[in-house]
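**Student:** Spelled out, the chains give:
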Amino acid sequence: MANYLQIIRLNVTRHIRSSSFMLVVALSIFLSYFCVPSAKSGYEVFYIGGVRGIYNSAWLGGMVAMLSTLLLWLFGFFMFRNKLSEDKEIKVTPLIHTTPFKKSYYVFSHFLANFIVLNIITIFLIISFMIMQEVRGEDQLIHFRDYLLPYFLVVLPSISFLSSLTILFDIIPFLRGTLGNIIYFFIWLLLSVITVANPNHLWDFYGMHLIMNDMATVAASNYHFIEVSKAGSFGYYPIEGAIQTFNWDGISIEGKLVITRIIWMTLSIIIVLLASFIFKPFSNSKQKKTVQQNHMNETNPQTTLFDKNITLTPISSNGNWQLFNLIKAEILIMLRGFSKWWYLLLIVGILLPIFTPFNLIKLWLPLLMILPLPIWSQMETREKEHSIEAFIKSSCSPVIKWVSVWIGAFIISNIISLGALITFIRLGHFNLLIYWVIGLVFICTLGLVLGNFSKSKRLFEIIYLILWYLGPMNSIPYFDFLGLSKGYPTFYLGLSIILLVLLFLRFKRLIK
Amino acid sequence: MTLQIKNVSKQFSNKIAVKDLTIDLSPGIYGLLGPNGAGKSTLFKMLSTIETPSKGEILWKGNNIAKNPGKLRKELGYLPQDFGVYPNMNAIEFLDYMAALKGLPKDFARKRINELLEALNLSQHRKRLLGTYSGGMKQRIGIAQALLNDPKLLIVDEPTVGLDPEERMRFQNLLSNLSTNSVIILSTHIVSDVEAIASKILLMNHGEILFKENPQKLITSVNGKTWEVILSSQAEVSMLKKEFLISRIYHEPNGIHVRIICDRLPHQNARTINASLEDAYLYKIHSKGV
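If you read the protein sequences in the order shown, they are chains A and B. For the first sequence, our numbering assigns the number 61 to the initial residue and increments by one for each residue that follows. For the second sequence, our numbering assigns the number 43 to the initial residue and increments by one for each residue that follows.
Quick caveat, the hints were computed from the structure, so don't treat them as lab data. We treat Cβ as the ideally placed atom computed from N, Cα and C, and that holds for glycine. Misleading hints may appear alongside valid ones.
To be verified - Derived lysine to aspartate or glutamate pairs resembling DMTMM-like cross-links, with alpha carbons at most 25 angstroms apart: (1) A:Lys568 x B:Glu93; (2) B:Lys153 x B:Glu93; (3) B:Lys284 x B:Glu294; (4) A:Lys388 x B:Glu157; (5) A:Lys515 x B:Glu93; (6) B:Lys109 x A:Glu449.
Said to hold, decoys possible - If you want a taste of the chain B side facing chain A, the calculated C-beta under 10 angstroms gives, among others: (7) Gly98; (8) Glu117; (9) Leu118; (10) Gly126; (11) Ala141; (12) Pro147; (13) Lys148; (14) Leu189; (15) Ala238; (16) Lys242.
Can you build the whole structure from these sequences, using the hints too?
**Tutor:** Quick look at the structure:
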């Protein structure tokens, strides 16, 4: 047991020492400031008909529980989703699994470590909200119970379920990569919709319904213009003048609620048990057979290294960078490694716009733009992922590499969009054509820059999915980088240039 | 064709990895020896343009490689100690990609790739995905990419890892053939590899070069300082260990044979013996204080 706890402790320490953890903590502190605006700030983040509760422990405790649940379900997942795979990447998995430590314990220790770190982040957020309660000074008496009750009832079960998903998505092979990130994003959206659309305890995945509904009910009893059914959503809501407030005393413990939260926690344990059952630490899937075959070939005494009298042709670099060859090679690498279904979908995606009425195209064209996500997200991360950075850095200037990668990704993006581009030209929508191409310029640049800065494909994937959902899917102004609802060509072109300038500044700094 | 390293230092926050290093290297094979943390990998990274020196300059044919890395890269072959490959590419595709990165004309590059794959006994696996290769085969792909552009400066870090003894021997022969026109720097912990092929040994510790001479001179420098004594108990061995540098202990029917490196007679029954390169290496590293 002591060893088991020690391993959990070490995993937690490993997470805490990562830069992403520090980033999330810093973000939490910023959020607490942004989400607890003063009465005269002119905005609110939780909409209940234009009013809000007095900043007492109950209100802020409820707010922090809802906010941390919502945010961690998205950012926390992407932060912790690959911890088991990371062990494999840094080659410690074989070391761990040749010890007496059980496979199920190993999986469970990762689940608990993720669970603990997510809780640490939540606690940081709670402390920040307590500080904000003092700073705003509307009610400076801190009641710990009002912060802890929603934490135990809402956050804890929700984080437990989330931690189990981080493990499950890391263990099932096809969910490990970009496809898993996309699937998770849609699950997150689906759960959010179910939570809002079915306000009952059982299907309340996040556990927010109780708090939100109670806040709205008390608000409606104070201000008759408020409709409970329409109140309760998070976002940036500008308000004119000083906001009206009411007193909210917090939630009370209901047996039914406790039972449903226990159900969700139990479910998370079942998921982890299931995951540990599926988990194969030494799985090498389809490679196993061919590697064994290969060993047999290698032991053939007839053929050994440099056993042949071969003269190597003298060769030298011709002085000009073979940019054309390099772009071709980059395109080949980018298009490798997908399943045949991906290619099939791609062909359908390219051809369909040509034969579809224009009003329908606009509805599903954004969906097509999910397909190249793995290409964009790996523009600057592929070398690190496959440990060939040293080969590349010692062979070629980084600028040449960036240019070739960018052009390669841009060409592929245009090929994928070919059906759409042809349709825009055929129907004379040249403005849409320009918006779309500039959108692709922006996305390729974003992929290159975020990959270079973070050296992880996840940052781009999460930012792209949010942008894509808000912009092309929901037509929220300024987010529609593809310009299907309204174009912002200057904005996105300017943003692309700024991103490129940042990349070159970083390059100059690294050289120095 | 010389590689000049002039007063080069590399500092990472509080740690100095390479300290005011000055050395000129002309064509030949140089065996870089040193304990872990001596600064070998950092030196290699600077020579292969991955890192830039904090101080000093590295000149290749008179050009400062930090200011103009492109000139060296055209003639550089680098095999790092740890590397990967793209698992979804076959050998030809991967080497084609490396050739494009190195700016090699495509047709010539393809010819050389085929020759290298043949020489490295990988031609029958050329169309197989690299993800299915064994460790030794991947190492040979690494060697192939390092030799792709007919390098005039070849830097190889632990190149024989994963190769069997016969493959190691043949790799040594290949390096010897290349060494007439190229500067080859080889880092390894296998001292016998260095002894077999290096024309000069560079002994490195604490970021400094302690010794630059041929292997025989290094061995000669510890003549009369290598001793052997046969002891009867482990307690006696422990006593010697406390006072002297021990290079080897092995058990024989007549007692425990202890090989000692020191300037004076370590034990009344000790007798001088011929020194090996490993003895000389240990003596030099420890006499500078580890």
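**Student:** Taking the hints in turn, state whether each one holds.
**Tutor:** Do the hints match the structure? See the list:
no., hint, in the structure
1, A:Lys568 x B:Glu93, "holds, 13 angstroms"
2, B:Lys153 x B:Glu93, "violated, 32 angstroms"
3, B:Lys284 x B:Glu294, "holds, 22 angstroms"
4, A:Lys388 x B:Glu157, "holds, 23 angstroms"
5, A:Lys515 x B:Glu93, "holds, 18 angstroms"
6, B:Lys109 x A:Glu449, "holds, 20 angstroms"
7, Gly98, "violated, 15 angstroms"
8, Glu117, "holds, 8 angstroms"
9, Leu118, "holds, 6 angstroms"
10, Gly126, "holds, 3 angstroms"
11, Ala141, "holds, 8 angstroms"
12, Pro147, "holds, 5 angstroms"
13, Lys148, "holds, 6 angstroms"
14, Leu189, "holds, 7 angstroms"
15, Ala238, "violated, 15 angstroms"
16, Lys242, "violated, 23 angstroms"
Comparing the model with each earlier hint shows violations of hints 2, 7, 15, 16; every other hint is respected.
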